[in-house]
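Asks: Listed here are the chains, written in short residue letters.
2 protein chains.
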Amino acid sequence: MADFNDKNRNIDEFDELLRAEQDQSYGGSVSRPDVSSAVVKRLPRYFRYLRVLIREGKTRVSSAELSRMMNLTASQIRQDLNCFGGFGQQGYGYNVNYLYSKICEILGVSFGFRAAVVGAGNLGMALVKSPMFEKRGVDVVAMFDVLPEVIGKKVAGINVYSMDELESKLNEYGVHIVILTLPKEHAKEVVERLHGTKVSGIWNFTGTDLDDGQSKLIIENVHIGDSLMALCYEIAKELD
Amino acid sequence: MADFNDKNRNIDEFDELLRAEQDQSYGGSVSRPDVSSAVVKRLPRYFRYLRVLIREGKTRVSSAELSRMMNLTASQIRQDLNCFGGFGQQGYGYNVNYLYSKICEILGVSFGFRAAVVGAGNLGMALVKSPMFEKRGVDVVAMFDVLPEVIGKKVAGINVYSMDELESKLNEYGVHIVILTLPKEHAKEVVERLHGTKVSGIWNFTGTDLDDGQSKLIIENVHIGDSLMALCYEIAKELD
Chain D
0 MADFNDKNRN
10 IDEFDELLRA
20 EQDQSYGGSV
30 SRPDVSSAVV
40 KRLPRYFRYL
50 RVLIREGKTR
60 VSSAELSRMM
70 NLTASQIRQD
80 LNCFGGFGQQ
90 GYGYNVNYLY
100 SKICEILGVS
110 FGFRAAVVGA
120 GNLGMALVKS
130 PMFEKRGVDV
140 VAMFDVLPEV
150 IGKKVAGINV
160 YSMDELESKL
170 NEYGVHIVIL
180 TLPKEHAKEV
190 VERLHGTKVS
200 GIWNFTGTDL
210 DDGQSKLIIE
220 NVHIGDSLMA
230 LCYEIAKELD
Chain R
0 MADFNDKNRN
10 IDEFDELLRA
20 EQDQSYGGSV
30 SRPDVSSAVV
40 KRLPRYFRYL
50 RVLIREGKTR
60 VSSAELSRMM
70 NLTASQIRQD
80 LNCFGGFGQQ
90 GYGYNVNYLY
100 SKICEILGVS
110 FGFRAAVVGA
120 GNLGMALVKS
130 PMFEKRGVDV
140 VAMFDVLPEV
150 IGKKVAGINV
160 YSMDELESKL
170 NEYGVHIVIL
180 TLPKEHAKEV
190 VERLHGTKVS
200 GIWNFTGTDL
210 DDGQSKLIIE
220 NVHIGDSLMA
230 LCYEIAKELD
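Line order of the protein sequences matches chains D and R. For the first sequence, counting from 1, position 219 maps to 218 in numbering that gives the first Met the number 0; every step adds exactly one. For the second sequence, counting from 1, position 157 maps to 156 in numbering that gives the first Met the number 0; every step adds exactly one.
Rather than coming from a laboratory, the hints here were simulated on the basis of the structure. Check the hints yourself; a few may be wrong.
Identical chains blur together in the list; that is why a pair holds if it fits in one copy or across any two.
Here are the simulated DSS-like cross-link-like pairs (lysine-lysine), alpha carbons at most 27 Å apart as the crow flies [to be verified]:
1. K57 with K215
2. K40 with K152
3. K152 with K57
4. K40 with K183
5. K187 with K57
6. K236 with K168
7. K187 with K168
8. K152 with K236
9. K183 with K153
10. K236 with K57
With the rest of the complex left out, here is chain D (with noise of 0.2 Å):
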């Protein structure tokens, strides 16, 4: 079985609609207000939810139905994409193509971000093996590893790489973001290497917080096993 799904089953149609409208919108003049963390908190979920809908040719939404779908009330629906200048029209309900596209944008799918993984152990490769990045306008471009087994081989067509060339490959490939899967020992020591970079971002999988507050890289830490808390926490309600 392949994790998640194959990379190159599962990109539809209408990422080539989005990429030509990327073109256009590259750099371009997106109104990104300042919304409270919340909103941009749900703005991922509309994300999936819209792709459910163009996946099914459904054209226009309405906020009830956007609703139903998301579990979430239709005025806080309302008043999530009012927060980005509101695209709903009266009695009609949302352009579902339009709606996408402008969550996209602000989201920075269009923005055309590049990445690469930091541990190429079976989390790292599980990641550029799934189509999630592609969805997301996100290019894997490289990965690192510190094993030579594994450095110079290829992964879903990416190179593998000593960590030895992690500064200077980072740079001749632009890299935005930086994925961490590798042992949490490690993680702040690439975290340092990363400020003599271009590097932007780092997505945190190591379960180390790593936000030292004097950082100018954006960190996201990943905790997966919070969400196993919340499961366990639900089954022992139900079965106390």
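On the provided structure of chain D, position chain R as indicated by the hints.
Replies: Using the frame of chain D, we list chain R on its own:
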């Protein structure tokens, strides 16, 4: 490089204490009140930060210290912990070990949950090799796949069985949680098969929301990509 951390490397001595505690509290009288989902969402973070304090040898902590560590207000912390009966004492703060063991009870860490992974690809492998489960009192007892080349093998000491044996092995092992790391096309079909077993919950990595609204199974959908989007948003804002 290993993913996350090697399974046996980072399990600390206090897990033994925890296990001793489990024996006493298994099936015991935990007060697991119905609190808001916002509080429940924060509990796994308390769990992680308390482990850090224990690792550092701290025996007590004030709400002010926890507040700095966790980037929450001190009054928020007092409120959260009060929901569960308030384990703090004025002028002393919280007893770290006691608070940790209480939060473990509430979260079901002391329950002794057993889990099985469906999909022995890279992600499944990365998960079972991580110390995440042991830290949280979850015992991964089996894996399942359809590929002949992995069936019958052991991964991190865990047997990989054929999908033909799914129901029988899940019941034999008394599995509470099924972890879905298989391609999303097959997710629903597996969920249907689980209705004939004693499984209580699903930890779903397939990227498709599985909550059918009528299922008795508790489903936790993991959307790793949402956190990638949040990072992209922040970077795009910065680069604008």
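Asks: Next step is simple, just say for each hint if it's right about the structure.
Replies: Cross-check of the supplied hints:
1. K57 with K215: Neither: 42 Å inside a copy, 31 Å across copies.
2. K40 with K152: neither (37 Å within a copy, 40 Å between copies)
3. K152 with K57: neither (42 Å within a copy, 45 Å between copies)
4. K40 with K183: both (26 Å within a copy, 24 Å between copies)
5. K187 with K57: Intra 46 Å, inter 23 Å, cutoff 27 Å: inter-copy only.
6. K236 with K168: Between copies only: 25 Å across, 50 Å inside.
7. K187 with K168: within (19 Å within a copy, 42 Å between copies)
8. K152 with K236: Cα proximity of K152 and K236: none, with 47 Å in one copy and 35 Å across.
9. K183 with K153: Intra 24 Å, inter 25 Å, cutoff 27 Å: intra and inter.
10. K236 with K57: For K236 and K57, the Cα distance exceeds 27 Å both inside one copy (39 Å) and across copies (30 Å).
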